[in-house]
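Residue numbers (this note's numbering), protein chains in the order written: chain A, 1 to 455; chain B, 1 to 455.
This list has only true hints and no planted wrong ones.
Below, a list of computed lysine-lysine pairs in the BS3-like style, where the Cα atoms sit at most 25 Å apart:
hint	chain 1	residue 1	chain 2	residue 2
1	B	266	A	381
2	A	339	B	345
3	A	339	B	362
4	A	369	A	266
5	A	345	B	266
6	A	285	A	266
7	B	339	A	368
8	A	285	A	416
9	A	284	A	274
10	A	339	B	369
11	B	266	A	339
12	A	362	A	266
13	B	295	A	345
14	B	339	A	339
15	A	266	A	284
16	B	284	B	274
17	B	266	B	285
18	B	345	A	266
19	B	339	A	266
20	B	381	B	369
21	B	284	B	266
22	A	416	A	289
23	B	345	A	345
24	A	295	B	345
25	A	381	B	295
26	A	95	A	189
27	A	295	B	381
28	A	369	B	339
29	B	368	A	339
30	B	95	B	189
31	B	381	B	368
32	A	345	B	339
33	B	274	B	362
34	B	59	B	95
35	A	362	B	339
36	A	95	A	59
37	A	266	B	381
What the hints contain is simulated information worked out from the structure, not anything from laboratory work.
Below are the chains, spelled out letter by letter.
There are 2 protein chains.
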Amino acid sequence: MSSAGAPPEVLQYIEGHQQQFIDRLAEAVAIRSVSGDPTRRQDVIAMGDWLEGQLQSLKVSTQRVDLGFQDGQPDDEPLPLPPVILSRVGEDPAKRTVLVYGHYDVQPAERSDGWNTDPWKLDQNDQTGRLTGRGSTDDKGPVLGWLNVLEAHNALGLELPVNLRFCFEGMEESGSDGLDAFIADEAKKGEEGYFNGVSCVCISDNYWLNARTPCVTYGLRGIVTFQMTVSGPAHDLHSGMFGRVVHEPMTDLAILMSQLVAPCGKILIDEVEKMVPAPTDEEKKEYEKLDYTVKDLDDAVGAHIGLSDDHGELLMGRMRYPSLSLHGIEGAYSGPGVKTIIPAKVTAKFSIRIVNPQTPEKVVDAVKKYVEDAFAQIDTKNTLTFEMLDAGDAWVADNTHWNYQAAIRATEAVYKHTPDLTREGGSIPVTLTFAEQLGVNVLLLPMGRGDDGAQ
Amino acid sequence: MSSAGAPPEVLQYIEGHQQQFIDRLAEAVAIRSVSGDPTRRQDVIAMGDWLEGQLQSLKVSTQRVDLGFQDGQPDDEPLPLPPVILSRVGEDPAKRTVLVYGHYDVQPAERSDGWNTDPWKLDQNDQTGRLTGRGSTDDKGPVLGWLNVLEAHNALGLELPVNLRFCFEGMEESGSDGLDAFIADEAKKGEEGYFNGVSCVCISDNYWLNARTPCVTYGLRGIVTFQMTVSGPAHDLHSGMFGRVVHEPMTDLAILMSQLVAPCGKILIDEVEKMVPAPTDEEKKEYEKLDYTVKDLDDAVGAHIGLSDDHGELLMGRMRYPSLSLHGIEGAYSGPGVKTIIPAKVTAKFSIRIVNPQTPEKVVDAVKKYVEDAFAQIDTKNTLTFEMLDAGDAWVADNTHWNYQAAIRATEAVYKHTPDLTREGGSIPVTLTFAEQLGVNVLLLPMGRGDDGAQ
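Next up, chain A with everything else stripped away, as it sits in the complex:
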């Protein structure tokens, strides 16, 4: 790895070409590549074409990977998956090879969702210079950031200090359909595989904790989602005729729901809570050091509802403790007003964000036992079914690795500010896929701020 920070002429070039770079981002924003909307699938594919064209104009070789058709679509209306766009920049065996992942699809956006400007037209605020548009931060902006670096080096005739491999997908906002299998297949190919020789991975698809201090991210919580169903009568009942006559599934379910998590956030499933050791004083200090305030939280959520007045505690709640959230009930009336029936079968949905050393397997076993035991304590003739829906492991990387050291120095060079070392409370599943399949260090290098409004 070369020394941190780009050569001064590269920085100069970038400063001097801001408007061209903004114009290129505006072109990307204008393509409505919403992967979750089948009627926009051709726009997603068009965005892949556009990105491939941009790479080709920078004189790097590209490769399109056809992932076939999307699962779960009707046979007579097959929905093609957008291509994975691959590209290799440099093959010097003396250099390290950085795999850069990004995605060119976006979340839906409507003016009615609260946008002050047209989401598909990149807006530059006259006063602040701030850029606003769908995908500008998640994740078209970060992807184009890499292209800007390439362009600067090309234009100046400079060599990059590393080899680069790009892997840009178009289905990230829709479960990365097809990508996991592609990565696993390539990894299996060994020396023939696309990822052979990759020294580390860099993913820019998350955000700073606030709008002040950059960060470099080395951990993610995992997630396990559950549903528990209480079934009673064969059909919904009239509450006038059957209220206080039968065991009502909602009564039993409310008791189970109330026994999962305390208002303070503590998980009431003892075994799950105890899997995670309490933080040492030293660890606590690491979180205290991070730039975050109660006001940051209040601003982000629009209310003063934090579980603590200590910012370190808040950050540990997000990053290194497990959490349990109740999401809702299926099978009961959920509209406005009231429908006075006794629902026959009701299903509560909840999820647990897990951290090491928790694993989905251990957590599922403990939750299942706890819920079934709790239900057995309820004097009811109704029946319970318990299911795990989905699971993903937690991830923590070695943040003393050279990959991290380089990212920290690069961040200091650009922002004149030492980045905070943070973990994220959510999941970015592709992170784990790369870490597991390639066996190399993975780095999350956020380019967006905490107030970018990414979704």
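Chain A is fixed; fit chain B onto it per the hints.
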């Protein structure tokens, strides 16, 4: 009141004209008078016309009451309310005057709802003779029962032993829109009012407890519906970023929901539960005497989930105890699968079926205090709002009144079986309106069986 039972020639006439009566019911069933479906409003009005025509063909004077337009409709698409059809039969001041209420509108019905036959074509089963069709029991059949009696007396040149007043509405399945105001207005008119001189009221719009024993019904539970809302953040939050960071409204709401009612049906709001005195041994015996079994309940609900193995306890649960049912949550994800957000604002809906001496006012005060106190015990920064949505009083009539004695003797004459004296767990609001506005004894005289499948 004349002696119980109709003269033998009337019974003969009715036996001899079964097919005509069935044909007339088939005509009524074929008119899709679904009051809840605005696109069927002309059918409801057509049904009112048809009924008025039938009454006129029986040579009784009729009167149509125009109730104006339905509330809550767009100004440019006014929806006319179907007419109330009134009729007077006899004005003999020496006789008692019975006001008969019924309704000619019906609930929706689709084959896909589980009908084995076309709901709009009265079906007569070849083996059992049983009639099936929408409205055959609720409430077109009972209404036409009165017309059959009139026809028999007319044809035979017999005088009725009482004066009759009919009041047939077309909006019962949609909240009796306009009827309450009409009844109150007429009652206020005193001697000029339509209901002047009414001695008692008879309503045939409920059902036997089973398919074996007729009943006469003297009580109804009231109902109060509530919603309680816990609000936290200004918008839904990502559970990865904010799980174990903020107080989650769903966590708090689940605790409140779990504190309202026990799995055994007991209301945990002590003050509400204690308003109703425990049954005396004598009262218990009254319920034990009624013809009802655990198997009746199991058959009705399709599962063995009764709160007791004692049929008297089950009936007291339905008829003379208050009940509390949880109906659902608004504001949280309620679809299939799971959406792992923290909902910002969640509202639980529940209702309490009340019995004398409970009143909506007393119950609302006690529930509000209980829920607010329970919320204050939760260590949370979220906020609670509590609302009563709707309320109706409980009703119990004097079942030793001559109105009841006559109904009991008439039932014995027709079914050769002494009816059970029962109460209903649900509400029939017009019952209270008549009782309160006219100040006379009101009787519920079911013509349908417990297995009629009324909705």
